[in-house]
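For chain A, the structure is supplied; the task is to place chains B and C on it using the hints.
Residue numbers (this note's numbering), protein chains in the order written: chain A, 1 to 140; chain B, 1 to 140; chain C, 1 to 140.
Be aware that a few hints might be false.
You can't tell identical chains apart in this list, so a pair holds if it fits in one copy or across any two.
Straight line, CA to CA, 27 Å or less: simulated DSSO-like cross-link-like pairs of lysine-lysine [said to hold, decoys possible]:
hint: 1; residue 1: Lys14; residue 2: Lys4
hint: 2; residue 1: Lys84; residue 2: Lys35
hint: 3; residue 1: Lys4; residue 2: Lys84
hint: 4; residue 1: Lys14; residue 2: Lys58
hint: 5; residue 1: Lys84; residue 2: Lys99
The hints are simulated quantities; they were obtained by calculation from the structure and are not laboratory data.
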Amino acid sequence: MKHKQTEDGNFLIKLEPGDRVINAINSIMEYLNIKAGLITGIGAVNNPTLGYFDINQKKYIEKTLTGNFEVLSLNGNIAQKEEKPFCHIHVILGDNEMKTFGGHLIEMEVTVTLELIVIPLKENLRRTPDETTSLWLWNL
Amino acid sequence: MKHKQTEDGNFLIKLEPGDRVINAINSIMEYLNIKAGLITGIGAVNNPTLGYFDINQKKYIEKTLTGNFEVLSLNGNIAQKEEKPFCHIHVILGDNEMKTFGGHLIEMEVTVTLELIVIPLKENLRRTPDETTSLWLWNL
Amino acid sequence: MKHKQTEDGNFLIKLEPGDRVINAINSIMEYLNIKAGLITGIGAVNNPTLGYFDINQKKYIEKTLTGNFEVLSLNGNIAQKEEKPFCHIHVILGDNEMKTFGGHLIEMEVTVTLELIVIPLKENLRRTPDETTSLWLWNL
Numbered sequence: 001m002k003h004k005q006t007e008d009g010n011f012l013i014k015l016e017p018g019d020r021v022i023n024a025i026n027s028i029m030e031y032l033n034i035k036a037g038l039i040t041g042i043g044a045v046n047n048p049t050l051g052y053f054d055i056n057q058k059k060y061i062e063k064t065l066t067g068n069f070e071v072l073s074l075n076g077n078i079a080q081k082e083e084k085p086f087c088h089i090h091v092i093l094g095d096n097e098m099k100t101f102g103g104h105l106i107e108m109e110v111t112v113t114l115e116l117i118v119i120p121l122k123e124n125l126r127r128t129p130d131e132t133t134s135l136w137l138w139n140l
Numbered sequence: 001m002k003h004k005q006t007e008d009g010n011f012l013i014k015l016e017p018g019d020r021v022i023n024a025i026n027s028i029m030e031y032l033n034i035k036a037g038l039i040t041g042i043g044a045v046n047n048p049t050l051g052y053f054d055i056n057q058k059k060y061i062e063k064t065l066t067g068n069f070e071v072l073s074l075n076g077n078i079a080q081k082e083e084k085p086f087c088h089i090h091v092i093l094g095d096n097e098m099k100t101f102g103g104h105l106i107e108m109e110v111t112v113t114l115e116l117i118v119i120p121l122k123e124n125l126r127r128t129p130d131e132t133t134s135l136w137l138w139n140l
Numbered sequence: 001m002k003h004k005q006t007e008d009g010n011f012l013i014k015l016e017p018g019d020r021v022i023n024a025i026n027s028i029m030e031y032l033n034i035k036a037g038l039i040t041g042i043g044a045v046n047n048p049t050l051g052y053f054d055i056n057q058k059k060y061i062e063k064t065l066t067g068n069f070e071v072l073s074l075n076g077n078i079a080q081k082e083e084k085p086f087c088h089i090h091v092i093l094g095d096n097e098m099k100t101f102g103g104h105l106i107e108m109e110v111t112v113t114l115e116l117i118v119i120p121l122k123e124n125l126r127r128t129p130d131e132t133t134s135l136w137l138w139n140l
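One chain only, chain A, in its complex shape:
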């Protein structure tokens, strides 16, 4: 993983083969002390584990896809959960027939590269537990 802050205060983050995406983003956000932000990116990964939130069961159904995929869309945000940066990311992936799959990102591993741009937001955005869903939601 490499990163660089631009002159106007945004961040370029390049994840490299073998990097685990959620783990790497949370680490670098903590290192950079970013309390809120918008994150977007494109690249290529393998064996992604995706989630779908089941409202009745109040938990994520997880599914791991096998193989190599293009990251067609990676969108999410960074907030604070119990004093640590927490990224909430949804992805859409593409296979070699241009078919698409997607979900809440649990984890995935970079194969070729993952080019991320983070736009920090000047705000102490926090997540707090929501009783109805059992999820940690934005506390505005």
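Showing chains B and C alone in chain A's frame:
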């Protein structure tokens, strides 16, 4: 719906269960007097109505999907249409098998949460009618 | 193609029927002398050629889809490749049944409109050749 302006002038908008997305975004943009902007978000919704523009018929084909979906990607922009804010949004949704669907967003209802970030643009961006397509397009 | 810089330094770019997307974006980025940036957009296109990077063969598998599609998501970045702006873009497209397809964008032609927003980044972001993959990757 809750919203907060960050110190650097962007907006965090949290839509809550039962909120209708297009309706809520147009309302809050009017309330905040935002004349142009970029909007992005992730969350979960149900029973979305999506559109596909048929060039020959010069109108949107609409389709309503039944059930609960993750909002994997919500991308769009805000402009002025006849002196009122108008959001143009495309979405990609995911089901419990990580399959994806998408279209021009007509409307959908939030189930769990929808976390939106709006980056306002300092520009009086306007939409005006386009004769060829019968759509209201950006007037640059 | 029309473009306008907003007061806060971002760019609105409207591609018009017949415009070829990659070609148009590279041209306008060169004209505007943008060395790094984030690009996002929505619109409608036809006959897109998409790519999937085959790691073993170290080259893109290409596929051209026939027909008209909504551009549900267009995400990417602009960097310098051999002193010229180079855009790296991934797209997700939707058909008249709200089914989705996607890949690395090789090229596609605008039908109705393509509404792009470019957020420039103050950074001389460069791509240099990567031996392992034979791709030009971010050099941070």
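Those earlier numbered hints the structure runs against, lowest number first: Number 5 only.
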